[in-house]
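Undergrad: Chain by chain, the residues:
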Amino acid sequence: MEVTYKPVSELSALLEAKEISSAELMEAFLARTRAVDGRVQAFNSFDGEDALAQARASDARRAAGQARGPLDGIPIGLKDVISVAGQPLTASSRMLANFVSPYDATVARKLKEAGALCWGRLNLDEFAMGSSTENSATRTTANPWDLERVPGGSSGGSAAAVAAGEAPASLGSDTGGSIRQPAAFCGLVGLKPSYGLVSRYGLIAFASSLDQIGPFARTVEDAALVLGAIAGHDPLDSTSFPSPIPDYRAELARLRGPWRLGIPREYFGEGLDPEIGAAVRAAIDHYRKLGCEIREISLPHTKYAVGVYYIIATAECSSNLARYDGIRYGHRARDAADIVDLDFQSRAEGVGPAVKRRIILGTYVLYSGYYDAYYLRAQKVRTLLRRDFQRAGTEVDAILTPTSPIPPFKRGEKSADPLAMYLSDVYTIGVNLAGLPAVSIPCGFTGAGLPIGLQIIGQPFKEAELLAIAQAYERDHDWHTRHPKL
Amino acid sequence: MSQSTDFDIEAVARLARIALTDAEKAAFSAQLGDVLSYVEQLKEVDVSGIEPTAHGFAVVNVWAEDVPQPGIPVADALRNAPAQRDNLIVVPKVMDT
Chain A
1 MEVTYKPVSE
11 LSALLEAKEI
21 SSAELMEAFL
31 ARTRAVDGRV
41 QAFNSFDGED
51 ALAQARASDA
61 RRAAGQARGP
71 LDGIPIGLKD
81 VISVAGQPLT
91 ASSRMLANFV
101 SPYDATVARK
111 LKEAGALCWG
121 RLNLDEFAMG
131 SSTENSATRT
141 TANPWDLERV
151 PGGSSGGSAA
161 AVAAGEAPAS
171 LGSDTGGSIR
181 QPAAFCGLVG
191 LKPSYGLVSR
201 YGLIAFASSL
211 DQIGPFARTV
221 EDAALVLGAI
231 AGHDPLDSTS
241 FPSPIPDYRA
251 ELARLRGPWR
261 LGIPREYFGE
271 GLDPEIGAAV
281 RAAIDHYRKL
291 GCEIREISLP
301 HTKYAVGVYY
311 IIATAECSSN
321 LARYDGIRYG
331 HRARDAADIV
341 DLDFQSRAEG
351 VGPAVKRRII
361 LGTYVLYSGY
371 YDAYYLRAQK
381 VRTLLRRDFQ
391 RAGTEVDAIL
401 TPTSPIPPFK
411 RGEKSADPLA
421 MYLSDVYTIG
431 VNLAGLPAVS
441 IPCGFTGAGL
451 PIGLQIIGQP
461 FKEAELLAIA
471 QAYERDHDWH
481 TRHPKL
Chain B
1 MSQSTDFDIE
11 AVARLARIAL
21 TDAEKAAFSA
31 QLGDVLSYVE
41 QLKEVDVSGI
51 EPTAHGFAVV
61 NVWAEDVPQP
71 GIPVADALRN
81 APAQRDNLIV
91 VPKVMDT
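Chains A and B supply the protein sequences, listed in that same order. Numbering follows this note's numbering, in which position 12 of the first sequence is assigned residue number 12; successive positions increment by one, without gaps. Numbering follows this note's numbering, in which position 65 of the second sequence is assigned residue number 65; successive positions increment by one, without gaps.
If you're looking for bench data, these hints aren't it; they were derived computationally from the structure. There's no promise every hint is true.
[Claimed, not checked] List of simulated lysine-lysine pairs, DSSO-like, C-alpha gap at most 30 Å: (1) Lys414/A - Lys25/B; (2) Lys43/B - Lys25/B; (3) Lys43/B - Lys303/A; (4) Lys43/B - Lys410/A; (5) Lys6/A - Lys110/A; (6) Lys414/A - Lys6/A; (7) Lys43/B - Lys414/A; (8) Lys6/A - Lys18/A; (9) Lys414/A - Lys485/A; (10) Lys303/A - Lys414/A; (11) Lys410/A - Lys289/A; (12) Lys6/A - Lys112/A.
Here the structure is a predicted model, which is why all the values come from computation and not from measurement.
Build out the structure end to end from the sequences listed, making use of the hints.
TA: Below, the structure is given as structure tokens:
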């Protein structure tokens, strides 16, 4: 039975019917990974024996009538910034090349409690800083749809692994689009939950007021299943929000619309690739045919979002990464003159140029003489950006936009120009600044056969409705059933 | 496009505690000059009377009972230390004796 491209919901039914065992499933994903990952390079590392042992434990539970639910026995890949006790945790950085997690992230603990198998360590832009997975100290991940192109980033390994049939679903993290943009580039569903819905405990921090963990999946239903397993209040994360967690899959069946959907004119202007614009407009027309009310709206501060994001994200980055000093853990320089020099040299050797650049910029904008001019002003403009979305939320249930203004680009094409790379995040970062949930779903292909993503932005903590809106489109299209030829 | 006359890369790198090579200093000065001139556009926004936002949904005053919990065993906590001896982390000397 060919299983590597089946959605989680189908694999779950096969496991429940005992038509396949979790060990057989894991063997299939191991074989697929061994066959294709030399070309895709999604994984930083994986431990096949450990994954099979987890699978056999799941099979034993099922045989004893103690299966834990729809994810029991399902392998789920993890971005290499999410701690799993006893497994490597590199952040794709030389700084953490030899680090082993002493404990489980809350999301890893919850996946294990749901019976899922923690499967492999997936590549990313170093410390989740980038949009192409080219800023990795370990390897450069390819887009399975065109190996010459990037899979997006920073969660490029998490996206590529699912697109290449190496995992049925995975977790990534999204600070400015790092789940949604790679999902769009790789033809997947990628969900960034509301800020505070999913615990960040055990996630390596980049920008703490923006970071959020979420799933990559083949279908909206699968994303709902994984979200249901990882969401929920966690006392170990003081920004965790005490919001009730519904049965997302049951809600998908219940919520049928029609919805009021907003089209922000600022997201369809200059710089939008014409093929992407056409595919997104066709998706909007489909919603209109489904009886949804389509309203043009305005998010007037959109043009400031990239500037606000790069001040706030780099400021928080410079603060969070101050902990990598070569003393307690992480890379330590060999020939430091004294303990201060050890700090300077360990950091110089341990992190790559994209990370250094952000630390330097973040340090600058927090510099006492510039604090008000940059950081404080950015936080105030952030308030205005948030108000834009709050105002829109009184008129519409969700907002439809392209996920990325451009299709997957060639490796090396943008890595020399950081500002050009930053600008490619223009449609995704407003969502993080406002703390909103948003999902990218496949909505077509370019003439060259590259996936296109539709972004749907929802209301705070209304992930069920957001996913129901996404599924209303998915139900009538088959983009998500296509796979790259590898 | 770079016009950040007051961007003192040496001073900022010192605050950030990173040793930079001359090539890195030159590259970052130019790249960050571009980014800083891009974010100049924020100055055109009227922010008078606007409160800053630090979080999407700030949860304030999160309290927990002060109850002892099992911690990470010493051996596990030290597993990632670059150098250790007698359950302590070894570092270069901090003071001249």
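Undergrad: None of the hints should be skipped; say for each whether it holds.
TA: To see whether the hints hold, each was checked on the structure:
With a CA separation close to 21 Å, the supplied pair Lys414/A and Lys25/B stays within the 30 Å bound. Of the pairs offered as hints, the one joining Lys43/B and Lys25/B holds, with about 27 Å between alpha carbons and a cut-off of 30 Å not exceeded. For the proposed pair Lys43/B and Lys303/A, the alpha carbon gap of about 13 Å is at most 30 Å, so the pair holds. For the hint pairing Lys43/B with Lys410/A, the CA-to-CA distance comes to about 35 Å; that exceeds 30 Å, so the pair is violated.
Our distance criterion of 30 Å between C-alpha atoms is met by Lys6/A and Lys110/A, whose separation comes to about 23 Å. Restraint check for Lys414/A and Lys6/A: the C-alpha separation of about 34 Å exceeds 30 Å, so the hint is violated. Taken as a hint, the Lys43/B and Lys414/A pair is honoured in the structure, with Cα atoms around 28 Å apart against an allowance of 30 Å. A C-alpha spacing of about 16 Å is found between Lys6/A and Lys18/A, which places the hinted pair at or below 30 Å, so the restraint holds.
At roughly 25 Å between alpha-carbon atoms, Lys414/A and Lys485/A fall within 30 Å of each other, so this suggested pair holds. Distance check on the hinted pair: Lys303/A and Lys414/A sit about 21 Å apart at the alpha-carbon level, within 30 Å; holds. Straight-line distance between C-alpha atoms of Lys410/A and Lys289/A comes to about 36 Å, which puts the hinted pair past the 30 Å bound. At most 30 Å may separate the alpha-carbon atoms for a hinted pair to count; Lys6/A and Lys112/A meet this at roughly 21 Å.
Hints 4, 6 and 11, counting from the list given before, are not met by this structure.
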